[in-house]
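Visitor: Top to bottom, those sequences are chains A and B. This note's numbering puts the first residue of the first sequence at 1, with every later residue one more than the last. This note's numbering puts the first residue of the second sequence at 1001, with every later residue one more than the last.
Rather than coming from a laboratory, the hints here were simulated on the basis of the structure. Please note: incorrect hints may appear among the correct ones.
[Stated by the list, open to error] If you anchor each label on the Cβ, the simulated ranges turn out as follows:
#1 B:Lys1414 <-> A:Ala4: 21 to 27 Å
#2 B:Lys1414 <-> A:Pro161: 56 to 62 Å
#3 B:Ser1277 <-> A:Lys21: 51 to 57 Å
#4 A:Ile252 <-> B:Leu1072: 20 to 26 Å
#5 A:Ala4 <-> B:Lys1259: 15 to 21 Å
#6 A:Arg143 <-> B:Leu1072: 35 to 41 Å
#7 A:Phe71 <-> B:Pro1166: 28 to 34 Å
#8 A:Arg117 <-> B:Pro1273: 23 to 29 Å
#9 A:Lys21 <-> B:Pro1229: 32 to 38 Å
#10 B:Pro1166 <-> A:Arg143: 40 to 46 Å
#11 B:His1119 <-> A:Cys105: 35 to 41 Å
#12 B:Gln1127 <-> A:Leu91: 44 to 50 Å
#13 B:Ile1361 <-> A:Pro163: 54 to 60 Å
[Stated by the list, open to error] Covered stretches of chain A, going by a simulated chain B footprint (3 or more residues, C-beta under 8 Å):
#14 48-54
#15 231-244
#16 260-267
#17 310-317
Backbone N, C-alpha and C define an ideal beta-carbon position, used for all residues, glycine too.
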Amino acid sequence: MSQAALPILSVFPSRALVDEKFKVLVENLPPGCPVTIHSLHHSEDQDYWEAYGHYISDDRGKVSVSDDLSFGGTYTGKEPMGLLWSMRPVLGSRKGLRLRKMNVCTPMLMDISVYSRHDGFRDQAPLASVLIERWYMAPGVRRIDIRERGVRGTLFIPPGPGPFPGLLDMWGGGGGLLEYRSALLASHGYVSLALEYFSPGQLQTADLEFNYFETAFNIVKDHPQVMPHRVGIFGLSLGSIVTMALAVESRIVRPRCCVCISGNHCFPPGRTLAGITGEVDMNYDKVRVDENNYHIWRDVGLAIMKEPSSKLDMGKINCPILLVNGHDDQNWPTVESAEDIAEMMRAAGKEHLLTRLEYPDTGHLIEPPFSPHFRATNFIVNLTKEKVIMLWGGQTKPHSDAQEDSWRRILTFLQQHLYCSPSPKARL
Amino acid sequence: MDRKQCCVKLSVQPSRGLMDEKFIVLVQNVWPGFQLTVHALHQCEDGHSWEAFGHYAADATGTVNVSEDPSLGGTYSGVEPMGLLWSLRPVPGSKPGLRMRKMNVQTPMEVTISVYQGHQTEGFVDQVPLAGVLVERWYMAPGVRRIPITEGGLTATLFLPPGPGPFPGLLDLWGGGGKLVEYRASLLASHGIASLALDYLTPKITIETRKMVGIEYFETAYRVLQQHPQVFSSRIAMLGLSFGTSITLKMAAYSEVVKLRCAVCVSGSHVQPVDGSVEQILGYFHKNGGKTRFSEENEAIWRDLLLPIPTDSSLKVDVGRLQCPLLLVVGEDDQNWPAYESAMDMKEMMERAGNSHLLTILSYPNAGHLIEPPYTPHARSSFFRTVNTREKMMALWGGETVAHSRAQEDAWRKTLVFLRENLF
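For reference, chain A alone in the conformation it holds in the complex (with noise of 0.2 Å):
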């Protein structure tokens, strides 16, 4: 009769939200003993996506990921989420993948499995295995797609009776509808509209007017289930241009507060979305490539940024609005134009609206936390149509570690403006 322990894995909780923390645990190893802990994802694309660490068991045979220390892998020392945020393609992928679910309805699946020793781990069968699911849908949050008065985009609403407080949701110029951050948000607890508008590719010739934008968010405020003084906007690069687009220009809505991701405020005055391509269209002769030939815009952004009567007057906002940054930015000077707008509305008195997040060898693409970095991908550019690898930009765990601080940090600020006050003084 054997008398080898078998190990135990196990991961709490094994059903999550995606920026929820999981603790792995392995026991029942022997002491001292070298083994790695992997995590595999089988995506939307079917590409596998892969992290690993490798620990050492302590004297009672036990590795936990969020108090030991990796000494190697795709990620080391004690990083407990290392395992999701630090996983990339797999050997001998497709070059310059992004990872982005787009049917939020059901979970990203993941393999977590322990193996023996660090070098050569994948040489024989893992000693065990166990599969996780990562949800952007908290149970309970309603999925319900919007094609009214010309608006295409997706709504998410929290379970409950509300009603709550609402969110357009905006990515950038990628194009398409992505569900995946409305969805999380409505897990926690606003109504948040994921707008489509452009098709990848397409920003030329969409018939985008700011009355779309305007109509969107008014879609939002006019649901029965939102308070309709409480309803902000949320945007990602592109979308942040609209975000401060729509808080400084709009006559028609007034958000409550402002979330701008890798943004910027070069929208010329009176001009349509499509307009801003022409910016870019102007200055495209300051692309420049790196040595494995990405693409890298920030210069465009730069040679806009001096043009004073292509941006919005930041000092006309009225609400309050937090921007988020990464200094390694290789897309655009987002560092340079959060500075611009602090100084614009320093001048204008509206300094205390404004609060900056900046993070160190943080790229473009600041994602809800434990998403992997994705330094450089694939990009369809509109104007020219040409499949290029965008550079991004960040280190892998800065960059990570900005995610996380920054989700933390934007949910605070969304409760702190959407959510009530319990004092008296609630209403301003």
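Got chain A sorted already, so can you dock chain B onto it with the hints?
Guide: For chain B alone, coordinates are given in the frame of chain A:
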């Protein structure tokens, strides 16, 4: 000033959990000192509604944390992180004698947790809560595989943990109500044990032939587990509750085929005609039916059917023969079986035989017969249809809710430790 308290934030973490995991219920953004009721509502598979609730007062920061703050009243009181689950009871106006059991383990139990203004005790369904969230409670971890087993004439379901294996195995037996009850086996598989839930009183073969199964049925089940490529054939345990204990002890002590690594017996007894078939053992209990007593509410008390514990060795499993560790879990207020008295007698027998080092007894004051996985609502009595007589009666199981719920939590944790120590 707002008309009513608005923007209340309610969160439950994790929102999707296993049935035996704890959660943290947090209410935020209310006025300091605000009185509120946290309410749980569940509609079970039979369509009945169950509810639980606690009364709280927010602290100075306008927060209520159910894991840390005391409930001032409701279906539970004091600091009870999981009170919203274990104190669930049928809503007013429900049929009597209900018991909550999940039969489909592939879907979660859905519980709506809500916050209401003030300290309320009724009429929840007629009001709009301040906030509400949905919580999922699963009997199956992701990746656990559910495999119906019909080979060898068995009516069973095998639950395999995720991963390459091999896994230790376990035969899971419920009691005299029969049916194929899967939820404990699926939960054990979620803890890494390949578990076979076995219907041995109402299997297809008995329905068709009208004959009760013999001992070979259990030996077949054992073999199916043993021969499974992903099961560690020398690490198989058996877990039985109520009548399932009778079978477990019989197999553990006498079977030439079934070699258990360890056994867990919950709310059962070793008293049975030693050479009896399943049918004969049931017949022995039925013969003593005259000893049935009735409570004031006309609930049947069956504990006396096996009392006094016989001294005749042909009427009890010789536990002195056991060669594997045995864990006995008993409730001292068990009104259905004399589990405590049986445990004491087994202890004495094993001490005399010199194998009492194998025995662990967990005995819980004020716990009843139905010692289920943690946070299962306590049923002090419920309608019960015995397999052989087909009569439907109200059976008194016993137990006082708070003590019984604590016992379930403690016993499960210790059972998992016992299984881990002996099987892994």
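Visitor: So, for every hint listed, does it hold in this structure?
Guide: Outcome of the hint check:
1. Look at Lys1414 (chain B) against Ala4 (chain A): about 24 Å separates their beta carbons, and that is inside 21 to 27 Å.
2. A C-beta distance of roughly 42 Å is found between Lys1414 (chain B) and Pro161 (chain A), which places it outside the suggested range of 56 to 62 Å.
3. Taking 51 to 57 Å as the suggested C-beta distance range, the pair Ser1277 (chain B) and Lys21 (chain A) conforms, at roughly 54 Å.
4. Look at Ile252 (chain A) against Leu1072 (chain B): about 49 Å separates their beta carbons, and that is not inside 20 to 26 Å.
5. The hint said 15 to 21 Å for the Cβ distance between Ala4 (chain A) and Lys1259 (chain B), and at roughly 18 Å that hint holds.
6. Taking 35 to 41 Å as the suggested C-beta distance range, the pair Arg143 (chain A) and Leu1072 (chain B) conforms, at roughly 38 Å.
7. About 29 Å separates the C-beta atoms of Phe71 (chain A) and Pro1166 (chain B), a value consistent with the hinted range of 28 to 34 Å.
8. Take Arg117 (chain A) and Pro1273 (chain B): their Cβ atoms lie about 56 Å apart, and the range 23 to 29 Å is violated.
9. Distance hint check for Lys21 (chain A) and Pro1229 (chain B): the Cβ-Cβ separation is about 36 Å, which falls inside the suggested range of 32 to 38 Å.
10. For Pro1166 (chain B) and Arg143 (chain A), the Cβ-Cβ distance of about 41 Å falls inside the hinted range of 40 to 46 Å, so the restraint holds.
11. At roughly 38 Å, the beta-carbon separation of His1119 (chain B) and Cys105 (chain A) lies within the given 35 to 41 Å, and the hint holds.
12. As the Cβ distance of Gln1127 (chain B) to Leu91 (chain A) is approximately 58 Å, the hint placing it in 44 to 50 Å is violated.
13. Against the hinted window of 54 to 60 Å, the Cβ-Cβ separation of Ile1361 (chain B) and Pro163 (chain A) comes to about 56 Å, which satisfies the hint.
14. Given as covered by chain B, the segment 48-54 of chain A fails the check, having 0 residues with a CB less than 8 Å from a CB of that chain where 3 are the minimum.
15. Look at the segment 231-244 of chain A against chain B: 0 of its residues bring a Cβ nearer than 8 Å to a Cβ of that chain, fewer than three, so the hint is violated.
16. Coverage of a stretch by a chain is defined here by at least three residues with a beta carbon nearer than 8 Å to that chain's beta carbons; for the segment 260-267 of chain A and chain B the count is 0, and the condition is violated.
17. Restraint check on the segment 310-317 of chain A versus chain B: 0 residues with Cβ-Cβ distances below 8 Å, three needed, restraint violated.
Hints 2, 4, 8, 12, 14, 15, 16, 17, counting from the list given before, are not met by this structure.
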